[in-house]
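Trainee: First residue of the sequence shown? That's 1 in UniProt numbering, and the numbers climb one at a time after it.
Possibly wrong hints are sitting among the right ones.
[To be verified] DSSO-like, lysine-lysine: derived pairs with alpha carbons at most 30 angstroms apart: (1) 305 - 224; (2) 164 - 435; (3) 131 - 435; (4) 176 - 395.
[Said to hold, decoys possible] Distance windows between CB atoms, simulated: (5) 154 - 282: 45 to 55 angstroms; (6) 486 - 308: 16 to 26 angstroms; (7) 193 - 54: 13 to 23 angstroms; (8) 486 - 607: 11 to 21 angstroms; (9) 193 - 388: 29 to 39 angstroms; (10) 432 - 316: 23 to 33 angstroms; (11) 123 - 556: 54 to 64 angstroms; (12) 54 - 121: 27 to 37 angstroms; (13) 193 - 442: 47 to 57 angstroms; (14) 35 - 180: 39 to 49 angstroms; (15) 368 - 256: 34 to 44 angstroms; (16) 476 - 191: 51 to 61 angstroms.
If you are wondering where the hints come from, they were derived from the structure by calculation, not from laboratory data.
In this text, all values refer to a predicted model and were calculated from it rather than measured experimentally.
Positions of the beta carbon are idealized from the N, C-alpha and C atoms, including for glycine.
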Amino acid sequence: MDEKLMLDDVSSSLRDRVFFAARDGMALTLYALLYEKNTDEIDDLLNNDVCCDGVKCTPLIAAARHGREAAVRILLDKFRPPVRLETEGTVKFDEYVIEGATALWCAAGAGHLGIVKRLVRAGANVNHATKTLSTPLRAACFDGRLDIVKYLVRHGADIHKANKYNNTCLMIAAYKGHLDVVQFLLESGTRVDDRALCGATALHFAAECGHAAVVCALIDHNAKMLTNQNDMTPLQCAAERARASVVEILAARPDVTRAQAIDAFELLGASFANDKEYYCLRMAYQYLHRAMTMRYDTRYGQLLKKPADPIPAYDNWRESTTLEEVERLHGNPHALHMEGLTVRERILGRQCPDLPHPVVFRGAVFADEARFERCLALWRHALTLRILNSVSVVKDLLRFAQVFSQMIHIGIELPLYQVCFVLEACAEELRRGIKRLEVESDTEALIEEYESNVRTALYLVAVAARLLENPNNDEQTNRLTRCSVFNLRDVSLRTGGTLLHLAVDRRTPVDDFHTSDVCQFPCTRTTRLLLECGVNVDVADDSRRTALHVALLSYQYMPVLCVEEREAWSEALCGCVCELLARGAHVDAMDMDGITPLVASIGGPAESLVRSALNPRLSCLAASALAHHGSKYRPEQVPKDLHDFLIMHGVYPV
Numbered sequence: 001m002d003e004k005l006m007l008d009d010v011s012s013s014l015r016d017r018v019f020f021a022a023r024d025g026m027a028l029t030l031y032a033l034l035y036e037k038n039t040d041e042i043d044d045l046l047n048n049d050v051c052c053d054g055v056k057c058t059p060l061i062a063a064a065r066h067g068r069e070a071a072v073r074i075l076l077d078k079f080r081p082p083v084r085l086e087t088e089g090t091v092k093f094d095e096y097v098i099e100g101a102t103a104l105w106c107a108a109g110a111g112h113l114g115i116v117k118r119l120v121r122a123g124a125n126v127n128h129a130t131k132t133l134s135t136p137l138r139a140a141c142f143d144g145r146l147d148i149v150k151y152l153v154r155h156g157a158d159i160h161k162a163n164k165y166n167n168t169c170l171m172i173a174a175y176k177g178h179l180d181v182v183q184f185l186l187e188s189g190t191r192v193d194d195r196a197l198c199g200a201t202a203l204h205f206a207a208e209c210g211h212a213a214v215v216c217a218l219i220d221h222n223a224k225m226l227t228n229q230n231d232m233t234p235l236q237c238a239a240e241r242a243r244a245s246v247v248e249i250l251a252a253r254p255d256v257t258r259a260q261a262i263d264a265f266e267l268l269g270a271s272f273a274n275d276k277e278y279y280c281l282r283m284a285y286q287y288l289h290r291a292m293t294m295r296y297d298t299r300y301g302q303l304l305k306k307p308a309d310p311i312p313a314y315d316n317w318r319e320s321t322t323l324e325e326v327e328r329l330h331g332n333p334h335a336l337h338m339e340g341l342t343v344r345e346r347i348l349g350r351q352c353p354d355l356p357h358p359v360v361f362r363g364a365v366f367a368d369e370a371r372f373e374r375c376l377a378l379w380r381h382a383l384t385l386r387i388l389n390s391v392s393v394v395k396d397l398l399r400f401a402q403v404f405s406q407m408i409h410i411g412i413e414l415p416l417y418q419v420c421f422v423l424e425a426c427a428e429e430l431r432r433g434i435k436r437l438e439v440e441s442d443t444e445a446l447i448e449e450y451e452s453n454v455r456t457a458l459y460l461v462a463v464a465a466r467l468l469e470n471p472n473n474d475e476q477t478n479r480l481t482r483c484s485v486f487n488l489r490d491v492s493l494r495t496g497g498t499l500l501h502l503a504v505d506r507r508t509p510v511d512d513f514h515t516s517d518v519c520q521f522p523c524t525r526t527t528r529l530l531l532e533c534g535v536n537v538d539v540a541d542d543s544r545r546t547a548l549h550v551a552l553l554s555y556q557y558m559p560v561l562c563v564e565e566r567e568a569w570s571e572a573l574c575g576c577v578c579e580l581l582a583r584g585a586h587v588d589a590m591d592m593d594g595i596t597p598l599v600a601s602i603g604g605p606a607e608s609l610v611r612s613a614l615n616p617r618l619s620c621l622a623a624s625a626l627a628h629h630g631s632k633y634r635p636e637q638v639p640k641d642l643h644d645f646l647i648m649h650g651v652y653p654v
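Based on the sequences and whatever the hints tell you, model everything.
Mentor: The following block contains the structure:
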């Protein structure tokens, strides 16, 4: 057995050496490592994946990814077979992790024409796609490598093959602005009006990214002005993104009506007024004025505006309806900002997922100016819009926790109803997160988002706990806030840890942008509020640890602190332990390692508190006796409450 393990270690070491020789372009070393090996050994060395820095692939894939043409040549000329061309691996391109990539895909995506040619001549499948159905041709289009695109198409690459989002090679080339690639694909007969799953065409992608030359090329090949799933045309997409040059091109098309052109110019001006990247009040006023001038152009008949009802978040701003009213906006930044937000909502509609971005930006500007009331009004509106459209609000919720913490830290009055509103939204988002996990496939990303929302919920509860201490609060708002916390009582991390576990644990991560100025754990206030709002004091995580376990065990992980910090932490810990014990937390509950809170407290600042609570009930003594004798039971023969009680005391079912 030892000899076999030693041989496996040697084989693994040699496999690593072969892999790194290929990856780093040491062709002679690579050949020297392989030339005396038999076919089976070479097959093992060249066709098994090696894991390194998040990459999992074969030597050939690594050499192709890093442009090591000499290494690729040796592998193909000297060791094929057994080296396999269609083996898939996991590789990294910039910040992207690509699963199911072949050597050809990597060479095409990294722009190594010489390697692409060698692999194709060796028989590599030019249409072998990744897990997301991305082909080598698509990879070359993404990077704008016309030489590789031409070579692959000449050797049978399918220009119509789309990825799993039905996004074609033409779309990605248009999105990236690679005019020469777009022109070649169009001349090669690609379908110009194919739609992605979101309903967008190549013209949409080029327009929203501001690639005017690409837009012209697509128009020259009769691209149609279609709508995407949000009912937006390429003209509207360009206007929403403040792409003035593209708007000018598309608005002049004969198939665009005068009313559509006016809306586009109004939307363009409104976007300039509040766009984070392209903010420009001069352009905002210019296009709003131009659109209104067009409305009153008597040569073609007047097109009077029908403004929507005022929106409280926008200061109940009434949209301009005449040229004189537009001219009064000049030199008034706030008026232009509110006009812009109002115009955008009228034209795009509340169902447009792009509508909230400038609202959030304008709110952030108000926050920077310490105008928090205006900031919160805008952010609440943006949050409502996103929830209405079932869009993730993970960043919005954290943003509220941050600004609430900032307000408390600098002494600005924070009304409790504001926190209550966000707590309710957070509870709803967590419920939606559970439903998404039941139906969607990308569970890891969804779990990470869900857990981020759980931590944000904790910050919001901590903020609410502070505000609830104010005796001047409205009683109804107090009650609604507690109801919102009650709705969070069952949320937990993948480890089973609840908000109560997090509230008593010093290791709980805290966002460091303002939030950490107010939210620190363990937190007695937060613990008390959670217990008052119905969180089970003895609820256990997946390691069968209660909040009392976690609080006491966290002392073992305490870093070296100064005397003041240690005293503050010990005081907070003891406060949490007191709250838990006052609610009847079991000091004899047993985790998976057989540790009870009583044992966990030994040597810590709360040991005396836990020992003073050691007054076991008869039921606890009976359960402990069963555990001591290794007794078992059948779950179906006992009520659920008793089942949980027995498990907590170390008595397990058959």
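Trainee: Taking the hints in turn, state whether each one holds.
Mentor: These are the hints, each one checked on the structure:
1. 305 - 224: Roughly 27 angstroms separates the two Cα atoms, so the pair holds.
2. 164 - 435: Status holds; Cα separation ~23 angstroms.
3. 131 - 435: 25 angstroms, holds
4. 176 - 395: Roughly 27 angstroms separates the two Cα atoms, so the pair holds.
5. 154 - 282: 45 to 55 angstroms: 49 angstroms, holds
6. 486 - 308: 16 to 26 angstroms: Roughly 37 angstroms apart at Cβ, these two residues miss the hinted range, so it is violated.
7. 193 - 54: 13 to 23 angstroms: Since residue 193 and residue 54 have Cβ atoms about 38 angstroms apart, the given range 13 to 23 angstroms is violated.
8. 486 - 607: 11 to 21 angstroms: 33 angstroms, violated
9. 193 - 388: 29 to 39 angstroms: Given about 31 angstroms between the Cβ atoms, the range holds.
10. 432 - 316: 23 to 33 angstroms: Given range 23 to 33 angstroms: holds, Cβ gap about 31 angstroms.
11. 123 - 556: 54 to 64 angstroms: Roughly 60 angstroms apart at Cβ, these two residues keep to the hinted range, so it holds.
12. 54 - 121: 27 to 37 angstroms: Given a distance of about 31 angstroms, which is inside 27 to 37 angstroms, the answer is holds.
13. 193 - 442: 47 to 57 angstroms: 29 angstroms, violated
14. 35 - 180: 39 to 49 angstroms: Given range 39 to 49 angstroms: holds, Cβ gap about 43 angstroms.
15. 368 - 256: 34 to 44 angstroms: Cβ of residue 368 to Cβ of residue 256: about 39 angstroms, so the range 34 to 44 angstroms holds.
16. 476 - 191: 51 to 61 angstroms: 60 angstroms, holds
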